[in-house]
Amino acid sequence: MTHSLQRRPIDICGQRRERRVVIGNGSVLRVLRAGADVRGIHEGAVGILMAVTCRTSSVTQILVQGYDAPGTVGVLAKRTKIAARNFLPLPLESQHRLEQWAAFSVRYLTAWSNYQRGARRLSPADRRAPGPRAVRARLGRRLDPRGARAGPAGRQPHRDGDRQPQRLAELDRSGIGGIDRRAFADIEFDESRYHGDPGYREAYRASEQAFLATVRDFTGGRGAAIVF
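The numbers in the sequence shown follow numbering that gives the first Met the number 0, run straight up by one, and end at 227.
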């Protein structure tokens with residue numbers, strides 16, 4: 000929610016093309032009414048919100064309820080409407096409080112794809128197994144462009160940035176496509192200067208937008224699936 004309010008790394012109102020957005024995607028919900036075609040979920044059922052609202056074969060998570068998914072209403076509203084696939088019923092008897100389940104829905108479920116990928120890479124038998132295409136980039140104010148990466152499981156080409164041409168040449172010889180950091184000369188973030196120096200702030204934003212454009216181009220417009 001902090002990212003939403005700060006409009007960093009993205010302005011969700013701008014991306015969704017909506018003037019007002021109700022945010023919030025970590026919650027325990029109680030069903031007030033189930034749709035006519037919904038099976039296995041009934042009025043009064045309690046469950047957690049699976050906030051991912053859009054999936055494709057190439058990226059595990061694209062759009063999130065109450066964040067960047069257009070037309071969705073976050074759980075800071077008193078009532079909202081979600082797809083049945085985004086509702087995970089909780090056990091009727093649990094040793095955990097509902098508040099703990101609400102935190103679980105954000106802290107652990109969003110890390111599953113990372114765990115799955117890491118486990119596959121550690122298993123010699125599965126290193127060549129097909130897996131989802133992963134796209135990662137270090138974005139935001141404290142940006143280090145040495146981080147945009149993409150590739151299938153088992154063999155993952157990297158896109159790393161470096162100021163030195165010889166380092167880029169070394170990456171190229173290794174079959175790694177490099178992003179030249181010199182194209183984003185003003186990307187180093189200084190919080191005090193950002194707030195107090197209009198010239199620095201303008202230059203930083205220009206470099207940031209140039210890097211984001213590079214990431215969008217590299218990922219076919221999808222952006223980064225994992226931002227850190």
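Simulated from the structure, these hints should not be mistaken for lab results. Each residue gets a CB set at the ideal place from its N, CA and C atoms; glycine is no exception. The reader is advised that the hints may include incorrect statements.
Distance windows between CB atoms, simulated [what the hints assert, rightly or not]:
hint : residue 1 : residue 2 : range
1    : 197       : 171       : 17 to 25 Å
2    : 205       : 12        : 17 to 25 Å
3    : 33        : 62        : 16 to 24 Å
4    : 182       : 32        : 47 to 55 Å
5    : 17        : 91        : 34 to 42 Å
6    : 31        : 102       : 22 to 30 Å
7    : 106       : 193       : 26 to 34 Å
8    : 166       : 36        : 20 to 28 Å
9    : 10        : 173       : 32 to 40 Å
10   : 17        : 37        : 45 to 53 Å
11   : 33        : 188       : 40 to 48 Å
12   : 12        : 33        : 47 to 55 Å
13   : 70        : 33        : 38 to 46 Å
Hint-by-hint comparison with the structure:
1. 197 - 171: 17 to 25 Å: Check failed, 38 Å falls outside 17 to 25 Å.
2. 205 - 12: 17 to 25 Å: Holds, at about 22 Å.
3. 33 - 62: 16 to 24 Å: Given about 23 Å between the Cβ atoms, the range holds.
4. 182 - 32: 47 to 55 Å: holds, 53 Å
5. 17 - 91: 34 to 42 Å: At 37 Å between Cβs, range holds.
6. 31 - 102: 22 to 30 Å: holds, 23 Å
7. 106 - 193: 26 to 34 Å: Once the Cβ atoms are compared, 29 Å apart, the range 26 to 34 Å for residue 193 and residue 106 holds.
8. 166 - 36: 20 to 28 Å: Distance hint for residue 166, residue 36 is violated at roughly 56 Å.
9. 10 - 173: 32 to 40 Å: holds, 37 Å
10. 17 - 37: 45 to 53 Å: Check failed, 26 Å falls outside 45 to 53 Å.
11. 33 - 188: 40 to 48 Å: holds, 47 Å
12. 12 - 33: 47 to 55 Å: violated, 31 Å
13. 70 - 33: 38 to 46 Å: violated, 20 Å
Violated hints, listed in ascending order, are 1, 8, 10, 12, 13; each of the other numbered hints is respected by the structure.
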